[in-house]
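S.K.: What follows is each chain in one-letter form.
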Amino acid sequence: DAGVIQSPRHEVTEMGQEVTLRCKPISGHNSLFWYRQTMMRGLELLIYFNNNVPIDDSGMPEDRFSAKMPNASFSTLKIQPSEPRDSAVYFCASSSDQNEKLFFGSGTQLSVL
Amino acid sequence: DAKTTQPTSMDCAEGRAANLPCNHSTISGNEYVYWYRQIHSQGPQYIIHGLKNNETNEMASLIITEDRKSSTLILPHATLRDTAVYYCIVRAFTGTASKLTFGTGTRLQVTL
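So the sequence lines, in the order shown, correspond to chains A and B. Going left to right, the first sequence walks through residues 4 to 116 as my numbering numbers them. Going left to right, the second sequence walks through residues 186 to 297 as my numbering numbers them.
Be aware that a few hints might be false.
Unchecked claim - List time: in silico BS3-like cross-link candidates among lysine-lysine, alpha-carbon distance up to 27 Å: (1) B:Lys-254 x B:Lys-237; (2) B:Lys-188 x A:Lys-27; (3) A:Lys-71 x A:Lys-104; (4) B:Lys-284 x B:Lys-237; (5) B:Lys-188 x B:Lys-237; (6) A:Lys-104 x A:Lys-27; (7) B:Lys-254 x A:Lys-27; (8) B:Lys-284 x A:Lys-104; (9) A:Lys-71 x B:Lys-237; (10) B:Lys-188 x A:Lys-104.
Rather than coming from a laboratory, the hints here were simulated on the basis of the structure.
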């Protein structure tokens, strides 16, 4: 198994632009998590899905952030419009109900100029 | 989920055992202790978890005190590749996925 796959690995954009981060969970996993990591705030959970349904989005910072999971093998995290304070590493993770280990992707390093 | 307290940083000589403590004095009966680590520029990696019995796998051992208010992660023979931030997390296992909340962790530096 290739593990959790995130793309792009790096994204540099200008303030005001739309940014879309992508995640492919491990096949067979039914839960997907989006985290954000910064030096100041550490690892923060933004949202998680179970069986493609959003369960808890209380960590989503504001309406500029949205996440979707149209099917079991794909999820997106969109920021529109982006701001410099959104600069961070965004991680996607997946797990199964039978085994609550979370498997993380390599992350997307986002820089908003 | 119960709050955990870990030292900010620790050093360990290569080849020696690294013992990373974690306090979780408010842990509930149905909450497990999980350990993850994050090597620089990588996503967090699962290490081990347990409820009340000591656990061992190919990566580490987990020792949980009888009152479950604290635990210790043991890396028996630390190598330079074990340099990372180690997170102790307490979380209930409900049979379906629930959120995993990371604290600030312990930064372990393994030296020659």
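S.K.: If a hint holds in the structure, say so; if it does not, say that too.
M.R.: Hint check:
1. B:Lys-254 x B:Lys-237: holds, 10 Å
2. B:Lys-188 x A:Lys-27: Not OK: Lys-188 of chain B and Lys-27 of chain A at ~31 Å, beyond 27 Å, violated.
3. A:Lys-71 x A:Lys-104: holds, 22 Å
4. B:Lys-284 x B:Lys-237: Distance ~21 Å between Lys-284 of chain B and Lys-237 of chain B Cα, so the pair holds.
5. B:Lys-188 x B:Lys-237: Between Lys-188 of chain B and Lys-237 of chain B the Cα gap is close to 17 Å, so the pair holds against 27 Å.
6. A:Lys-104 x A:Lys-27: holds, 17 Å
7. B:Lys-254 x A:Lys-27: violated, 37 Å
8. B:Lys-284 x A:Lys-104: holds, 11 Å
9. A:Lys-71 x B:Lys-237: Given pair Lys-71 of chain A, Lys-237 of chain B is violated - Cα atoms ~37 Å apart, limit 27 Å.
10. B:Lys-188 x A:Lys-104: At roughly 19 Å apart (the allowed maximum being 27 Å), Lys-104 of chain A and Lys-188 of chain B satisfy the hint.
Going down the numbered hints, you'll see the structure goes against 2, 7, 9, while the others check out.
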